[in-house]
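Student: Below are the chains, spelled out letter by letter.
There are 8 protein chains.
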Amino acid sequence: MNNEIMQLLEGVRDGSLSVEDALLKLKLHPFEDVGYAKVDLHRKTRQGFSEVIYGAGKTPEQMLGIIGVMKQNGQGNILITRLQPEAAEEIRKSEALRYYPEARIGLVGEMPEPGGIGRIVIATGGTSDIPVAEEAALTAEFLGNEVLRLYDVGVAGIHRLFSNLSDIMGASVIIAVAGMEGALASVVGGLADCPVIAVPTSVGYGASFGGLAALLAMLNSCASGVSVVNIDNGFGAGYLAAMINHMK
Amino acid sequence: MNNEIMQLLEGVRDGSLSVEDALLKLKLHPFEDVGYAKVDLHRKTRQGFSEVIYGAGKTPEQMLGIIGVMKQNGQGNILITRLQPEAAEEIRKSEALRYYPEARIGLVGEMPEPGGIGRIVIATGGTSDIPVAEEAALTAEFLGNEVLRLYDVGVAGIHRLFSNLSDIMGASVIIAVAGMEGALASVVGGLADCPVIAVPTSVGYGASFGGLAALLAMLNSCASGVSVVNIDNGFGAGYLAAMINHMK
Amino acid sequence: MNNEIMQLLEGVRDGSLSVEDALLKLKLHPFEDVGYAKVDLHRKTRQGFSEVIYGAGKTPEQMLGIIGVMKQNGQGNILITRLQPEAAEEIRKSEALRYYPEARIGLVGEMPEPGGIGRIVIATGGTSDIPVAEEAALTAEFLGNEVLRLYDVGVAGIHRLFSNLSDIMGASVIIAVAGMEGALASVVGGLADCPVIAVPTSVGYGASFGGLAALLAMLNSCASGVSVVNIDNGFGAGYLAAMINHMK
Amino acid sequence: MNNEIMQLLEGVRDGSLSVEDALLKLKLHPFEDVGYAKVDLHRKTRQGFSEVIYGAGKTPEQMLGIIGVMKQNGQGNILITRLQPEAAEEIRKSEALRYYPEARIGLVGEMPEPGGIGRIVIATGGTSDIPVAEEAALTAEFLGNEVLRLYDVGVAGIHRLFSNLSDIMGASVIIAVAGMEGALASVVGGLADCPVIAVPTSVGYGASFGGLAALLAMLNSCASGVSVVNIDNGFGAGYLAAMINHMK
Amino acid sequence: MNNEIMQLLEGVRDGSLSVEDALLKLKLHPFEDVGYAKVDLHRKTRQGFSEVIYGAGKTPEQMLGIIGVMKQNGQGNILITRLQPEAAEEIRKSEALRYYPEARIGLVGEMPEPGGIGRIVIATGGTSDIPVAEEAALTAEFLGNEVLRLYDVGVAGIHRLFSNLSDIMGASVIIAVAGMEGALASVVGGLADCPVIAVPTSVGYGASFGGLAALLAMLNSCASGVSVVNIDNGFGAGYLAAMINHMK
Amino acid sequence: MNNEIMQLLEGVRDGSLSVEDALLKLKLHPFEDVGYAKVDLHRKTRQGFSEVIYGAGKTPEQMLGIIGVMKQNGQGNILITRLQPEAAEEIRKSEALRYYPEARIGLVGEMPEPGGIGRIVIATGGTSDIPVAEEAALTAEFLGNEVLRLYDVGVAGIHRLFSNLSDIMGASVIIAVAGMEGALASVVGGLADCPVIAVPTSVGYGASFGGLAALLAMLNSCASGVSVVNIDNGFGAGYLAAMINHMK
Amino acid sequence: MNNEIMQLLEGVRDGSLSVEDALLKLKLHPFEDVGYAKVDLHRKTRQGFSEVIYGAGKTPEQMLGIIGVMKQNGQGNILITRLQPEAAEEIRKSEALRYYPEARIGLVGEMPEPGGIGRIVIATGGTSDIPVAEEAALTAEFLGNEVLRLYDVGVAGIHRLFSNLSDIMGASVIIAVAGMEGALASVVGGLADCPVIAVPTSVGYGASFGGLAALLAMLNSCASGVSVVNIDNGFGAGYLAAMINHMK
Amino acid sequence: MNNEIMQLLEGVRDGSLSVEDALLKLKLHPFEDVGYAKVDLHRKTRQGFSEVIYGAGKTPEQMLGIIGVMKQNGQGNILITRLQPEAAEEIRKSEALRYYPEARIGLVGEMPEPGGIGRIVIATGGTSDIPVAEEAALTAEFLGNEVLRLYDVGVAGIHRLFSNLSDIMGASVIIAVAGMEGALASVVGGLADCPVIAVPTSVGYGASFGGLAALLAMLNSCASGVSVVNIDNGFGAGYLAAMINHMK
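Residue numbers (this note's numbering), protein chains in the order written: chain A, 22 to 269; chain B, 22 to 269; chain C, 22 to 269; chain D, 22 to 269; chain E, 22 to 269; chain F, 22 to 269; chain G, 22 to 269; chain H, 22 to 269.
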């Protein structure tokens, strides 16, 4: 943004840009205001990835409006997270949308070719953690990464994890998805030599308190190289993993 | 107790016991009242183990009074938990007391010969968990058990745990002592085929919230055969392990 | 597992096992991967009990798939916990399943003859705690134990508990199931001379906070020999009780 | 207060009271302002008991000032709660103060003759709960009640409680003081036929969370007739018990 | 109970009671076991009031069974709390039941004539607190008390409370029912000279956390003579108020 | 109120008011009792604004009754908050009610002309926070203020906020509405030179714990001039903003 | 800031400002970097008040450094909050500092003449709340306001509050400072017709949980016009009150 | 580890390794047991970095023992975190230790030359967060990274952050360290296009609850690419940043 300010200032000095236009540009350019939302059209330049629509709390009409603005600005591939089936149904009437019900993700456009430093491994403690893991996996794939899924490898039967040791050891980034006591993150963190993104899930009951137990456990992990995102935040983990896997 | 009521009733019918005496016996026998405490002299019969003095919140004078009553009633071996060094010093002036500073345990009398079904294994996640583990270990030894200590075998370097697999597999009961994320209990629980008593410790900082993180993780353990005692409750774990190791 | 590694290594030395096969065996044997789950076929050897299916968060199709793998591997008796009535209905179309609606438990195969050291007593504080108690009872029976049910013996009318004193005193293991203030565990723990497994339930309202009050009370029990499992975790209590009742 | 307003209004109508004086009376009479405190001189009329000084957070000078105002207004007997030993020392230089260190209570003047409906029984779970119990006991005695102390009768050795059954059954009001799991209140509440005031204490460690476990347990008591005051609030319990014991 | 033991013992000595019968009496008399519940038939003698059925978590069939046992034992008037409309409908098919939908209370039999020391005043902070207040009011009336309802007198418009000052000042016991910040209990406690039972309600939103805010506020009340029951526990407050109003 | 007491007293002295009438006036005037509610007819004089009906937990019948009393007392413009669509439907049958479904607000009568010191700016972090913001906006407009809405200007794309800097800098009062991490309040508070009222919302998931994360963040804001209202309390923020914007 | 950007841009167009200088100005002007702190020299222009030093966690040397930079930039009057006595002692060696020990506030320079719309009233529930109240009072006075202190007027003796009704009614802004149950804010909020800033304090014990009880109560206040700042945040309340009292 | 197992198995087949030796190697190699600790000598191979000593809860003697083992195994550069000044003093008697008191870090050996993809930027919200930031900075430098420190750039004066925009935009990884409301992480996360590691600190008071407020805020960050470590865990953040900055 600094560079842009520099260019704006130079434009003003050159006379190629009026003061009013410069001010306008500063104010109006980076997003488009559709009333209920200010669509960020700048993020790709600023952060390297396209805008993603967070579907929770938005009506199908609002989402269609945002998709429209994005397409007009040249974004062909759009990911919608936390998309309810009914809303997906509604959007599909106007847009070619692929819907992944388990992950509650909708995709307008195409998945890109995978790239990046290496492979992102996504492991889950149990079967019930798969929806969150799929949100992470599809997000990472949407952002151009190869993903390997290792599901149901929780620590209660630790040989299931160990039989996949070479995949763990060879990963570029690992996403450890687990509810209940969330011990998977610590065990994986102790074995791997790459960044581990821990995703606590709300899977469990009683003293799991909606994922709090797993969250606290992961934050207190005695293994190094582990960091944590919000409970059930598969998208956040997939996004960060993609970022790390594209470091240069 | 039921049998005693039966015997009392029969005594009354026989005339060998007056009504007043029976009532008195019901009321006065099982403990001795020293004002600030009602010393339970019955527990050995009732629960199979001697009374243990919980030292926290008692003055040296009070503890000496309780020891006196116990000795008069034939209890030669007495364990005092949560005993501060200064209080130990004070008690030692009147009683032959062996003091274990790390475990904050005092012992009047002798450790018995170990017995029971097998060996109790006590594992800790780290070095800082050792005081709690020692409280458990000494309690179990005081109650007549063989104890094997496996310290600093936390999951961040899981090969340390695995190099002791045969001890884990051969244990009669396991006590898993860990702070931070408390994952040790789950991993041990998944490997062993014996009861695992999990002891969360207050070791950690920040979001460990004084042991809450480890406590919740252990309660949510996805491994079967795991149960949990209070944070830092080494005594409780040692006592229960001894009980299980003496099942018959 | 140590022994198996030893045997594997010896097999390799003998030439009776190729390196690749040994590695394969280490990796593939102990479970079968059905995609959404890695079915643990080893647990019986490793932990002495058959695999149990945790039904929460699994579709009937997934459960049928797991049952199929188990049966192919010679497991005739299978327990499914947290099984919703609709899912039970669905499974029953393909498998001979006995369903216990109160406990939300499904059983494929037969209950074994009871064995073990003695009798497991399961006590509840009130009528509303019965579903959790039944989960514990059926689990213990499935694992080959005799179970005595003492329901609605909470401390508010403590004579109800005391009239069953001889059963309490004669138990091998006791499971104390209670919501609200969870005092049952402490009172039973003070009376009995066997291990007491406390199960807090989510029965209550207001400041019970979904079972938190009972959980904290049980963790702080001043009685020795008491340990705690997760809120509403009848299965975990039944499993641990069975383990203790089969100590040798 | 209503009656006083009525009298004031009548006085104004009579001409025996000027409007200004009436207003003044309404505003200035009931307390005396010493700057850092507004000493309530009305409470005895309004609530039937004398003002008590809550010593926490007040300097000895402030307390002496308040005592002075009280005495000038005819209050000879004054209770100070939460009084630190050093502050007591300081006050004793100017006032004849009896100090009870365990209960952290100071008394200016004399204890009255006991009266009321019957006897207040104060029971504690353990020895460590005695300071809170003594705060309750001395408060109740200061307010003119006979008090019976039953200390260390917790539920872990329930026969200690039962050997005092006739005192429990004969009480007018019972104060149950307990930390840890706080089960004493429920058990007493189930046995007695009088109001039970439960006082959770901060005695305990780990998951007692400073008395939270006992507090929640007592609030969830399944016994009827039980109500709860703040953690360690011996004064509040003693005051309320006195009030109930003087019902008419 | 002590007296009964005494009588039993004397009966045994007299020969008027065999040992077996005495033991049987001790065990079987005070309740009747209907499988899912142990109906307490003793409470009236022991606690002065009839058994009340806590309807939550009980089926209509179970409640009808309990009512049947009670009636056979001579209890004509029975109160059922937390009774859902559908369950009331079901019970009404077999029993003459009066149902109070707002309070979720069912009554078999008749309300008694009011008695006791004086009048119980029940005040609420707002309109939404009325269901809890009505549970308290009907319970108190069922237990033979005169009740005065003062609804919607919360502290945000404190003149509404003050215009009822004479009722407040003249009460025998006050029940203060309030959600949100629960300040009503403190203000009433400061004005009245009788015991105040505070009932926090779950009325509110956001940071009321289901009644936690009101609960904590009431526990910390700076007014003397205030004690607290569980969130939304109108029954508990009504029962205790009745007990206090019948002190003698 | 003081002045009114003065006038009452003078009226009594003058003989123009009997004692009984004065007392009656003190008691009955400021509100009207409709049984389930005590309608405050005084607030306009006392607090400068009309009574607002809090619709949650009130039936349409109750609300109609309150509206009726208000109208009889000359209040033509009435705001109802937390009004469910079905209840609005019901009320509309008897009253000319305008209903704003997003804000769940109903309006009887007319919006006044805007006045006050300046303009109230209402900013939200995201699209999902709009319902709470609209509750604030309509409340402020109902109380006679000009409102500017800046929606979806959260800190994740901070240039959206900065392009509206002149509106922020020129505001009289700002209401910052945000869920999730609630950082909007701090950033706005650091930029603006006017009071900022922070409204945490329950928008979010996982570790937002129903708005707790945003609430705590806002309370800990390192920016000066920021204060906080309850989670989702748009009404409270709008009311306070109106009050501040009408300071004189 | 917008205006400044406008001016900068115009300066660049005029040629009166080089592009590099403009960029530099944007970056360097508003604060001075002293390594451990970036002293904000802009806030007076931006927010209307001088910078205040938050003393907690800063060494005397650091604070002296910051004071030096401020003075060089023409700020003669500086307030330091959370200043420990020892640090004040140290600073006093180099600077003329007035220190208010109760409020832990230090003042360099002079208090200004009071101004603003009216008078700020600061009320406390008890004597122990005075330190927080004094922090608020001195802050408000430092920012040019007249302050009236009403200490120890808590709701347990509500006549103390009512005898000061005319001060309450006549205030421009009220700061209500209270610990324990924090009811003062609601009662004051119901009486006054001006903004009320509620400051929960950590005064209390047990279930006050360090001020949490008062905080939650104040956030749930049923009175309109009340907003809340952090626990013990006297400074924040004084600052906001000053801001509101200087609205124009 | 997989590769090692392969090599071991091949060695056994070759006859170059006996079965017993292979088993021994599996068990004993990767760490050295010094009783109170099992020193991990494998981590460098396994995870790419040297072992770091976590100093909290270890005596100087224990730390010296661990240093000794490490040095014998060829590790010349050793970092000790959470090292108290007194312990550092003690260690310095035997080892050449450089001690950084603010960060509580000790260094044996030398800092390496910086390498990696780019520069790690460490930003703090305030001056009080510097100790945690320094722990992160020294850890990252120890692991071979260039570090840029941007201290005291919190959002309350957001221009301080913006004047460093080019450093933010050009970072390889950013560590955002903040207490209180923790908003820095979200703002930085919205501006930067690289991974952001958020470190909540325990800086704050009242409702910061020891860093909980900042922790929750950071977990709920609406900016993508942000993950979180434990409260005050500067080491964990520095370690993970180093890992990411060395991706290849």
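Keep in mind that a hint or two might mislead.
Stated by the list, open to error - Have a look at the derived ranges for each label pair, beta carbon to beta carbon:
#1 G/Pro-135 <-> F/Asn-98: 44 to 50 Å
#2 H/Glu-134 <-> F/Gly-191: 49 to 55 Å
#3 D/Glu-82 <-> F/Asn-98: 23 to 29 Å
Stated by the list, open to error - Calculated lysine-lysine pairs in the DSSO-like style (CA-CA distance at most 27 Å, straight line):
#4 B/Lys-269 <-> C/Lys-114
#5 F/Lys-269 <-> G/Lys-92
#6 A/Lys-114 <-> A/Lys-92
#7 C/Lys-114 <-> C/Lys-92
Claimed, not checked - Over 12 Å on every C-beta distance to chain G, these chain A residues come out as not near it, computed from the model:
#8 Glu-31
#9 Arg-34
#10 Tyr-75
#11 Gly-136
What the hints contain is simulated information worked out from the structure, not anything from laboratory work. C-beta atoms are modelled at their ideal positions from N, C-alpha and C, and glycine is treated no differently.
Student: Each hint needs a verdict: does it hold in this structure or not?
Tutor: Cross-check of the supplied hints:
1. G/Pro-135 and F/Asn-98 have their C-beta atoms about 38 Å apart, which leaves the hinted 44 to 50 Å range violated.
2. Checked against the hint of 49 to 55 Å, the C-beta distance between H/Glu-134 and F/Gly-191 comes to roughly 53 Å, which is consistent with it.
3. Distance hint check: the CB atoms of D/Glu-82 and F/Asn-98 are about 55 Å apart, inconsistent with the given range 23 to 29 Å.
4. Annotation: proposed proximity of B/Lys-269 to C/Lys-114 is violated, straight-line Cα distance about 44 Å (limit 27 Å).
5. At most 27 Å may separate the alpha-carbon atoms for a hinted pair to count; F/Lys-269 and G/Lys-92 exceed this at roughly 34 Å.
6. With a CA separation close to 17 Å, the supplied pair A/Lys-114 and A/Lys-92 stays within the 27 Å bound.
7. At most 27 Å may separate the alpha-carbon atoms for a hinted pair to count; C/Lys-114 and C/Lys-92 meet this at roughly 17 Å.
8. Listed as a non-interface residue, A/Glu-31 fails to keep its Cβ farther than 12 Å from every Cβ of chain G; the least gap is roughly 6 Å.
9. Its closest Cβ contact with chain G, about 5 Å, brings A/Arg-34 to no more than 12 Å, contrary to its assignment away from the interface.
10. Distance check on A/Tyr-75: its Cβ is at least 28 Å (rounded) from any Cβ of chain G, clearing the 12 Å threshold; non-interface status holds.
11. Residue placement check: A/Gly-136 keeps its beta carbon more than 12 Å from all beta carbons of chain G (closest about 36 Å).
The structure fails to meet hints 1, 3, 4, 5, 8, 9 from the earlier list, while all remaining hints are met.
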